[in-house]
Amino acid sequence: RTFLPFALVFTLLVGGTVRMLYEGNISLLKNNELALLERSLLGLQKNLEVPQEHLLSLQQEQPIRSDLKASETSGLKSMENSFASLLNRNANYAQVRWIDQEGQERLRVEPIANERYGYHRVPDDALQNKINRYYVQETMTLENPLQLYISPIDLNVEHGEIERPFRPMLRMAAQLWDQEQPKGVIVI
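Residue numbering for the sequence shown follows this note's numbering, beginning at 92 and increasing consecutively.
If you're looking for bench data, these hints aren't it; they were derived computationally from the structure. Possibly wrong hints are sitting among the right ones.
Below 25 Å or equal to it, Euclidean Cα-Cα: the simulated SDA-like pairs (lysine to any residue) are [claimed, not checked]: (1) Lys168 x Gln219; (2) Lys160 x Leu233; (3) Lys274 x Arg224.
All chains, please: the whole structure from these sequences, using the hints.
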């Protein structure tokens, strides 16, 4: 007769203790995960600072601005050199390009595959219209020239198809202006 009450009390004590330990561990795990998430976010923000500075710098570079004024006659050589210089100094960049207000790529510069230095300019007849790509549309809606658009990570699309082998891309873009007139976007 006395065994049943003792067993019940013992079970309640053990159950309560197990629950407290479980909740304590869950709370500790949550706190550790939040701290890891905060550190990861700070690391990501830190890693994005340099490309942001590069993009804002490209907007202001005189060679780029002068090519905007004379894009039909200049062949965009100064802009190409600026883009190439940026690529040569940043091995993680897959492309730098200028896309005009109609969404047409006007200049795209890419690193040469498997080489640390060097680039190639994509021929004019291989340039694509990107007006339907979300990152172009989103960037063109920015109201302040100093605002940047950072895309979600997705797979690179060339000529309307996902590129193979898969190349995950994070794009950073800004509008390009000339005397208060939008001239398209620069995308890294």
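Cross-check of the supplied hints:
{"no.": "1", "hint": "Lys168 x Gln219", "in the structure": "holds (19 Å)"}
{"no.": "2", "hint": "Lys160 x Leu233", "in the structure": "holds (22 Å)"}
{"no.": "3", "hint": "Lys274 x Arg224", "in the structure": "holds (17 Å)"}
Checked against the numbered hints listed earlier, the structure breaks none of them; every hint is satisfied.
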